[in-house]
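Assemble the complex: chain H is given as a structure, and chain V must be docked to it using the hints.
Single-letter residue listing:
Protein chains: 2
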Amino acid sequence: MKEEIFGRIAALRDRMEAEGIEAALVFQKVDLFYLTGTMQDGLLYLDPSHELLLIRRHPPRAQEESPLELVLPYSSLKELPDLIRGHTGRLPEVIGLEMDVVPVGLFRRLQGLFPAGTFKDLSPLILHLRRRKSPWEVAMMERAGEIGRRVYEEVPRVLREGMTELELAGKLLLVAMAHGHQEYIRMRGFNAEAHSWHVLSGPSGAVLSSIDAPMGGLGPSPAYPMGASPKRIGRHEPILIDFGTSYWGYQADETRCFSIGRLPQRLKDAFSATREILAEVVALARPGVSCQRLFERGWEVTRRLGYENYFMGPEGYKTRFIGHGIGLEINEPPFIAEGHDYPLEEGMTVALEPKMVFPGEGAVGIENTYLVTQRGLRSLTPAPEDLIEVSP
Amino acid sequence: MKEEIFGRIAALRDRMEAEGIEAALVFQKVDLFYLTGTMQDGLLYLDPSHELLLIRRHPPRAQEESPLELVLPYSSLKELPDLIRGHTGRLPEVIGLEMDVVPVGLFRRLQGLFPAGTFKDLSPLILHLRRRKSPWEVAMMERAGEIGRRVYEEVPRVLREGMTELELAGKLLLVAMAHGHQEYIRMRGFNAEAHSWHVLSGPSGAVLSSIDAPMGGLGPSPAYPMGASPKRIGRHEPILIDFGTSYWGYQADETRCFSIGRLPQRLKDAFSATREILAEVVALARPGVSCQRLFERGWEVTRRLGYENYFMGPEGYKTRFIGHGIGLEINEPPFIAEGHDYPLEEGMTVALEPKMVFPGEGAVGIENTYLVTQRGLRSLTPAPEDLIEVSP
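Chains as they are written, first to last, in the numbering used here: chain H, 1 to 392; chain V, 1 to 392.
What the hints contain is simulated information worked out from the structure, not anything from laboratory work.
As the structure is a prediction and not an experimental result, all values here were calculated from the model.
Check before you lean on any hint, since a few could be wrong.
Which copy is meant is left open, because identical chains are indistinguishable; a pair holds if it fits in one copy or across any two.
In the SDA-like style, the derived pairs of lysine to any residue whose C-alpha atoms are separated by at most 25 Å in a straight line are [unchecked claim]:
hint, residue 1, residue 2
1, 78, 335
2, 2, 70
3, 318, 384
4, 2, 77
5, 120, 64
6, 120, 110
7, 78, 99
8, 318, 339
9, 2, 262
10, 120, 76
11, 268, 342
12, 120, 100
13, 78, 107
14, 268, 156
15, 231, 160
16, 78, 123
17, 120, 187
18, 318, 378
19, 78, 317
20, 318, 77
21, 2, 109
22, 120, 189
Bound conformation, chain H alone (with noise of 0.2 Å):
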């Protein structure tokens, strides 16, 4: 962990040498995990020769998790520019700061702190280095991938016509958390929450949130408008479960489809498509080929298949990517989106998620998450693919 966590450290500080940014101050959680091992409260506070870890609460914990040596309690912000200049003899001018995540509030008291600082944002800086893992990363993936597999394994056996998909979603959570899942799935940005969300039954699958996606689902109430409801499930209904699991705070995200009894011809012939999108994406993928072209690519079998209604969103509401970097956050570049010509690069991990969605009837599709070889892809989420129709 050690050789990992210093690498990262490397790799952020010739970046922000290239960036003109003298020193970062690393906050958001996840950030700091990734960049420490440590989830604790407090900051990083990092410079060319400086690596200190400042922790409000848990110091002790903070040591034992992190490689990093210099653990400094603090417990309050305003002893930060004491800290940090007896650590290092000055005060940085120009300072990384997670522009996407840090609140206003925050920012002006760090404008107070740091009187003759200048704030550039660090967050595309992180983000950028977190789209490669490394070998150790894609094996928390495997794991979290692994745990997904028992889940989907778990459908069949719970699955019972007049259960309301909340309690569906509980069972599944069950079997995520026996197996080391941490309950919540990371979503990175201000007023984004996510989770493993996704159990939808016939309409709840095509009815639409506040998320870019291409199902919402009625959630339990409007102060929680997606996801599993207290709906019950009926025979005859498209299933889509789009389950995300965790390892080590590593996310996999996977979606299957079921039904009680079989489900109407045009709904299976729909969920077949999604599987031949996603096959020729997959088949086009390596190393090199832009985001975009993969987007692309998967609107072309669209519309050869002629699904151009239904795929990705009803009209109006489509959901404008196909497929996300996921990794500590579910929401991680690169994106398999319009307007992102930039190229796969070796050891990026992507979920793919091809899906229709019928207005009144329901949703189907297919996602796995996938590592980005010189080969092409390898898929982190093996669950079987395959329509699983249950006896009523």
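Chain V alone, transformed into the frame defined by chain H:
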């Protein structure tokens, strides 16, 4: 619901006028839900004579969920000034914004869009309003408390020696979700994550973490260093279950204690002490009594009983509150804490949670969520409070 929502909006307008805030832009999803009834992606623009619900996704759902009449779709923040000017005739110059949660990046975009605007912090005004609950809100919290009762009833049925904390947490989550719990607990603030987390057995109960709470727990990994862990539950250990539940977004917070086989007498005595502390704080609490005074009373009883070394965490890391407001978020005002010398008011809801931590051994404690009434506190969390010793 319409009356409820418009009452909140009117109250916020009064406070905005008193603070010299001309118009508010409400972005945070919980505040947005409180003021509009919907949590779809967007914002509320509010001035003395207009309330515009600007929704990016999904406008028809926002229209259905909210009693506000003007739901205006937009696709980019750039459209905001024109949309606002188009409906109000002008752009505001003193603008309220939730400074504790709105990120710098979004703030800078808003500064660009409202170049003549001065921004003031809106959050204290909204949080002040949210402290006192309406009868409808109390009814939602009672439903959450009722879900909690079912969760705690389940514990003796499923608790087995050798099961992991995560597995027990999953089994309880299943009960909660089957009754409408939204899986998630909401905590306000940057880097704040909460869930129905504290299923802590034996030494886990004494593991501190990033959160300012008497106990943290190991969690599934350093990437989620809080709450239930893969640790197996053994005999004669204190099992502390601090399991928040929610209904329609409203939360109840509650703690009960269990053991497999007999709990050592010393820990039983400590548990009884927490009940005595709770009872004495509750006896003193009524409208007009200072929150700080309640905090002090908790400590007075603790000292009288001789538990000051264990109360609210180990020496040097003691949590500085014994209770907190609760509602749509789990860390709302008022705070029953040192320095919070303001009175309890009728309609406030608070969770009181005296707890004891024994390093290496674990934690015991009790917690209920209460409504402040003219006659004192009324519990909204009806699960029986006695320690339950399950046969091995």
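So, going through the hints one by one against the coordinates:
1. Within a single copy, residue 78 and residue 335 get their C-alpha atoms only as close as 39 Å, which misses the 25 Å cut-off; across copies the closest is 23 Å, which meets it.
2. Within a single copy, residue 2 and residue 70 get their C-alpha atoms as close as 14 Å, which meets the 25 Å cut-off; across copies the closest is 55 Å, which misses it.
3. With identical chains, the CA atoms of residue 318 and residue 384 are never at most 25 Å apart, being 27 Å at best within one copy and 50 Å at best between copies.
4. Taking the closest pair of Cα atoms, residue 2 and residue 77 never come within 25 Å of each other, the shortest separation being 28 Å inside a single copy and 43 Å across copies.
5. For a Cα distance limit of 25 Å, the shortest separation of residue 120 from residue 64 qualifies neither inside one copy, at 31 Å, nor across copies, at 41 Å.
6. In this assembly of identical chains, residue 120 and residue 110 lie within 25 Å of each other by CA distance both inside one copy and across copies; the values are 13 Å within and 18 Å between.
7. Proximity of residue 78 and residue 99 under a CA criterion of 25 Å is satisfied in both settings, with 20 Å inside one chain copy and 19 Å between copies.
8. In this homomeric assembly, residue 318 and residue 339 come within 25 Å of each other (Cα to Cα) only inside a single copy, at 15 Å, whereas the closest approach across copies is 51 Å.
9. In this assembly of identical chains, residue 2 and residue 262 lie within 25 Å of each other by CA distance neither inside one copy nor across copies; the values are 53 Å within and 43 Å between.
10. Taking CA atoms no more than 25 Å apart as the test, residue 120 paired with residue 76 passes in both settings, with 23 Å inside one copy and 24 Å between copies.
11. Within a single copy, residue 268 and residue 342 get their C-alpha atoms no closer than 34 Å, and across copies no closer than 62 Å, so neither meets the 25 Å cut-off.
12. For the identical chains of this complex, residue 120 and residue 100 are neighbours both inside a copy (11 Å) and across copies (20 Å), given an alpha-carbon limit of 25 Å.
13. Taking the shortest Cα distances, residue 78 and residue 107 sit within 25 Å of each other both inside one copy (13 Å) and across copies (23 Å).
14. Taking the closest pair of Cα atoms, residue 268 and residue 156 come within 25 Å of each other only inside a single copy of the chain (18 Å); across copies the shortest separation is 44 Å, beyond that limit.
15. In this homomeric assembly, residue 231 and residue 160 come within 25 Å of each other (Cα to Cα) only inside a single copy, at 13 Å, whereas the closest approach across copies is 32 Å.
16. Proximity of residue 78 to residue 123 under the C-alpha cut-off of 25 Å is found in both arrangements, the shortest distances being 24 Å within a copy and 22 Å between copies.
17. Taking CA atoms no more than 25 Å apart as the test, residue 120 paired with residue 187 passes inside one copy only; the shortest distance there is 23 Å, against 28 Å between copies.
18. In this assembly of identical chains, residue 318 and residue 378 lie within 25 Å of each other by CA distance neither inside one copy nor across copies; the values are 27 Å within and 49 Å between.
19. Taking identical chains as interchangeable, the C-alpha atoms of residue 78 and residue 317 lie at most 25 Å apart only when they sit on different chains, with a minimum of 19 Å there against 47 Å within one chain.
20. In this homomeric assembly, residue 318 and residue 77 come within 25 Å of each other (Cα to Cα) only across copies, at 19 Å, whereas the closest approach inside a single copy is 44 Å.
21. Taking the closest pair of Cα atoms, residue 2 and residue 109 never come within 25 Å of each other, the shortest separation being 32 Å inside a single copy and 39 Å across copies.
22. Proximity of residue 120 to residue 189 under the C-alpha cut-off of 25 Å is found in both arrangements, the shortest distances being 18 Å within a copy and 22 Å between copies.
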